[in-house]
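Using the sequences provided together with the hints, build the complete structure.
There are 2 protein chains.
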Amino acid sequence: MRNQGMGSWPARRARMTPERVALSYRGRDHTYRELCERVNRLACALAASFGVRRGDRVAFLGVNQPSAVETFFAAGLLGAVFVPLNTRLAPPELRYVLQDAEPSVLVLGEERDGDGLPGRHLPARDYETLLASGSPEPVDEPVGHDDVCLIMYTSGTTGHPKGAMLTHGNLTWNTFNLLVDVPLAHDEVVLISAPLFHIAALAQTLVPSVLKGGRVVLEPSFDVERTFDLIESERVTVMFGVPSMFGFLARSPRWDKADLSSLRHLLCGGAPVPEPLIRTYQERGLLFLQGYGMTEAAPGALFLGAERSVEKVGTAGVPHFFSDVRLVAPDGSPARPGEPGELYVRGPNVMPGYWRRPEASAEVLSADGWFRSGDVGVADEDGYVRISDRIKDVIISGGENVYPAEVEGALYEHAAVAECAVIGVPDQKWGEVGKALVVPRPGATAAPEELLKHLDGRLARYKIPKYVEFVAELPKNAAGKLLKAPLRELYGG
Amino acid sequence: MRNQGMGSWPARRARMTPERVALSYRGRDHTYRELCERVNRLACALAASFGVRRGDRVAFLGVNQPSAVETFFAAGLLGAVFVPLNTRLAPPELRYVLQDAEPSVLVLGEERDGDGLPGRHLPARDYETLLASGSPEPVDEPVGHDDVCLIMYTSGTTGHPKGAMLTHGNLTWNTFNLLVDVPLAHDEVVLISAPLFHIAALAQTLVPSVLKGGRVVLEPSFDVERTFDLIESERVTVMFGVPSMFGFLARSPRWDKADLSSLRHLLCGGAPVPEPLIRTYQERGLLFLQGYGMTEAAPGALFLGAERSVEKVGTAGVPHFFSDVRLVAPDGSPARPGEPGELYVRGPNVMPGYWRRPEASAEVLSADGWFRSGDVGVADEDGYVRISDRIKDVIISGGENVYPAEVEGALYEHAAVAECAVIGVPDQKWGEVGKALVVPRPGATAAPEELLKHLDGRLARYKIPKYVEFVAELPKNAAGKLLKAPLRELYGG
Chain Y
53 MRNQGMGSWP ARRARMTPER VALSYRGRDH TYRELCERVN RLACALAASF GVRRGDRVAF
113 LGVNQPSAVE TFFAAGLLGA VFVPLNTRLA PPELRYVLQD AEPSVLVLGE ERDGDGLPGR
173 HLPARDYETL LASGSPEPVD EPVGHDDVCL IMYTSGTTGH PKGAMLTHGN LTWNTFNLLV
233 DVPLAHDEVV LISAPLFHIA ALAQTLVPSV LKGGRVVLEP SFDVERTFDL IESERVTVMF
293 GVPSMFGFLA RSPRWDKADL SSLRHLLCGG APVPEPLIRT YQERGLLFLQ GYGMTEAAPG
353 ALFLGAERSV EKVGTAGVPH FFSDVRLVAP DGSPARPGEP GELYVRGPNV MPGYWRRPEA
413 SAEVLSADGW FRSGDVGVAD EDGYVRISDR IKDVIISGGE NVYPAEVEGA LYEHAAVAEC
473 AVIGVPDQKW GEVGKALVVP RPGATAAPEE LLKHLDGRLA RYKIPKYVEF VAELPKNAAG
533 KLLKAPLREL YGG
Chain U
53 MRNQGMGSWP ARRARMTPER VALSYRGRDH TYRELCERVN RLACALAASF GVRRGDRVAF
113 LGVNQPSAVE TFFAAGLLGA VFVPLNTRLA PPELRYVLQD AEPSVLVLGE ERDGDGLPGR
173 HLPARDYETL LASGSPEPVD EPVGHDDVCL IMYTSGTTGH PKGAMLTHGN LTWNTFNLLV
233 DVPLAHDEVV LISAPLFHIA ALAQTLVPSV LKGGRVVLEP SFDVERTFDL IESERVTVMF
293 GVPSMFGFLA RSPRWDKADL SSLRHLLCGG APVPEPLIRT YQERGLLFLQ GYGMTEAAPG
353 ALFLGAERSV EKVGTAGVPH FFSDVRLVAP DGSPARPGEP GELYVRGPNV MPGYWRRPEA
413 SAEVLSADGW FRSGDVGVAD EDGYVRISDR IKDVIISGGE NVYPAEVEGA LYEHAAVAEC
473 AVIGVPDQKW GEVGKALVVP RPGATAAPEE LLKHLDGRLA RYKIPKYVEF VAELPKNAAG
533 KLLKAPLREL YGG
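Residue numbers (the working numbering), protein chains in the order written: chain Y, 53 to 545; chain U, 53 to 545.
Hints should not be assumed to be uniformly reliable.
A pair counts as met if it fits within one copy or between any two copies, since identical chains are not told apart.
[As the list claims (entries may be wrong)] Taking lysine to any residue and the SDA-like style, the derived pairs with C-alpha atoms no more than 20 Å apart in a straight line are:
| hint | residue 1 | residue 2 |
| --- | --- | --- |
| 1 | K364 | R67 |
| 2 | K364 | R85 |
| 3 | K528 | A470 |
| 4 | K364 | R336 |
| 5 | K309 | L282 |
| 6 | K364 | H238 |
| 7 | K309 | R287 |
| 8 | K364 | P70 |
| 9 | K364 | E71 |
| 10 | K364 | T69 |
| 11 | K536 | A524 |
Source of the hints: derived by calculation from the structure; they are not laboratory data.
Written out as structure tokens, the structure reads:
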């Protein structure tokens, strides 16, 4: 095959193990042979009916379902770029992303309609007919590792989402980094209930499973009872989750008597993992592995492998084998052990840049390939890094990143808001939730509920603060710049 | 690290697991921290004392010993090219290779002296002193995947050995291909008694072990008793061998009572693997995995994974995940299932060419990246390939390739030889051995023993035919071209 990218993986895997089950969904099994054939037909049909060519974008909006997986691989087969959309985004946010990505087609999941969204759509009711119209003749575009495989949107300090471009090479090398640390076998049963529109589920579970010939048990979303049911009935061996998912499981009444004996590797990431949570799993005799990453690094940067997962609990581990991490002190020198430093990542897994955002790309990527994470870490004498703070002010709520600047921007659109700041406060269930501190305009009388209602529909639900508090003033430095640290001290408890 | 190549692997591994044992040799354990430090010092010392720079060659002559491993990684750290020499070569053959490779230094194993060999030498007695003189300051050359990592000499139809250049990327991708099929864990104990100057031991065992953090038990050479001792005492989990090695073990009186319970994966290759041998191991409950490869593909092309190792026994399997194989019928069309075709390989593991031999490279490498193996295979309906014949006429004796043209060339230097042809004949112990068929010059009276004595010292011992037979004439076609097929039929029994 000339195609060296992700799109060729179903065919490469089907060459080896055509009859193994690739995907189980709602009780139906799809073998690798079927996956390969369906992906090929879909690619041909997308090219024929929507004119999808190399470099074009193919968007997908929907919760986890087989068409999401097939669209990802079919886009790759054509050398086109997969753009998975966060289903939790509000309509204006989705419109913004679609106008930025300009996909040739938006493939819709079963539960979605495309009302009000720009561009051409492929509704779920037409999906099978379109797929069946595609030629079974193998597609083989010369796709290389440097070609862009997907664009994943991530917000940032600027408020507007940016599309992180990940190449086929980025995803491939991330897979190798993972395989060095996690010896996935050929008979893994991989439960995916975290959303595939986030990099972790896609890159840490789906892609490695197809490489090794494992079976993915695909779930539309996470549910505690269903997770226990599936672990027991499907004999799940691998699962990825954000800390809040693992927290829900451990606090469930089923936790004590559930049969978890099939589990080999639990992968946790997407947010800081509380030590007590890790210990709860370790005390159960489970291998609970965590790391640190970001969409821009496809995503793995640091990983705490099995060998020292108990001894170094609470740290995010050491750099992955093929990646490098450095911590830079405020004066630009390398941070010494015990000293905080901003975390930079370099390696074949680091993105080439943001889609159509050369300035934003240049801000985070240096000429020699270092990606500036905006997070602060402290390494111990053995090089194990603890993530201590986030320069970017991001709030991580249930595994979703919430950027205060974006929420503040939406709040400022309300007439009653003179000044505002959004901070994260600890939450037992979600890790963190947002709290908005608002200085009202003189004479304005909006209640907190009214401000929350104002945000509803403008922002994804997970971005909307849980608390709104009116304050007389916000702390600032001499230059008038808002100071978040004292705010967190005053209001973050 | 800027170094993305093999040379950086000890440091990358030491970052993760500094205290794990990398190498056990003669009862002494070397941790990854030690390996990393020693490789770094050696690299600095080779640069300082022998002027080794990027692209320069560093040769090694000796049986398996820690300095072979260290020289391989140290060369890679400098971006220099490792040239391991076959210890079985006769002095004129070694001189030829050294004159072709022009190394900056020849590192000598403990059991060797460099008498009569060209260039500068590093004798074993000076090795530790030199290494200790090297700076511990980390070396970090910007070595990429396209840089040449090593040159391995292989003979061919032309008679003279050619240096197959393998890049860091070639070896890296071969490792990934292997890891897809063989789920190496982090606690493997890898017995290496096959010589590291052949690609299989280096690329299928040493390199993957360092990637995963396994422990290599290094032996200077293969010995049946010692192998059983080590499997039992070191609890060996992985072993590579050529078929004759596995044959010796299975025919040993110790076979029946040996404790082989620690073995997880036996990897066999380098020559056609007899089906009864595979079954002997499988009946013992062992996972006996085989493939097909060549130095030029670093080396894996086909692999028969665990899942169908019994069902498809006798075939060399299907293409590795990231590599492609095609079979080409004599008329240039793709061979259909059941039809023989010449085997071509393409993928990121295929060499860029032979050292300083553009014509020889162009003969075997097409513009679009296909390597022409010279071997013939037949695929079944499932794509499993059985290697059926070798266009190149190569004889594989105890895992060493013997090219008849080279042996015939040496025979022709004897005055009594008018015409000759060397063919392979089956041998219980070595798989194949050479048989020379000689038409004597009119009036000449040389005995077979005299011809064998003539070859001694000119050729490596393993290349010298076991049998010499005088014949009245050799079969030829109308154009006078020697026909080997009827020769094999007449004399190959």
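Status of the hints after comparison with the structure:
Taking CA atoms no more than 20 Å apart as the test, K364 paired with R67 passes between copies only; the shortest distance there is 14 Å, against 41 Å inside one copy. When the C-alpha separation of K364 and R85 is checked against a cutoff of 20 Å, the pair qualifies only between copies, where the shortest distance is 19 Å, while the shortest distance within a copy is 42 Å. In this homomeric assembly, K528 and A470 come within 20 Å of each other (Cα to Cα) only inside a single copy, at 15 Å, whereas the closest approach across copies is 100 Å. Only within a single protomer do K364 and R336 lie at most 20 Å apart by alpha-carbon distance; the minimum there is 18 Å, versus 41 Å between protomers.
Taking CA atoms no more than 20 Å apart as the test, K309 paired with L282 passes inside one copy only; the shortest distance there is 15 Å, against 44 Å between copies. Taking the shortest Cα distances, K364 and H238 sit within 20 Å of each other only across copies (18 Å), while inside one copy they are farther apart (29 Å). For the homomeric pair K309 and R287, the shortest alpha-carbon distance inside one copy (15 Å) is at most 20 Å, but the shortest distance between copies (37 Å) is not. In this assembly of identical chains, the alpha carbons of K364 and P70 lie at most 20 Å apart only when taken from different copies (15 Å versus 41 Å within one copy).
Proximity of K364 and E71 under a CA criterion of 20 Å is satisfied inter-copy only: 15 Å between copies versus 41 Å inside one chain copy. Only between protomers do K364 and T69 lie at most 20 Å apart by alpha-carbon distance; the minimum there is 13 Å, versus 38 Å within a single protomer. Taking the shortest alpha-carbon separations for K536 and A524, only the intra-copy value of 16 Å comes in at or below 20 Å, while the best inter-copy value is 98 Å.
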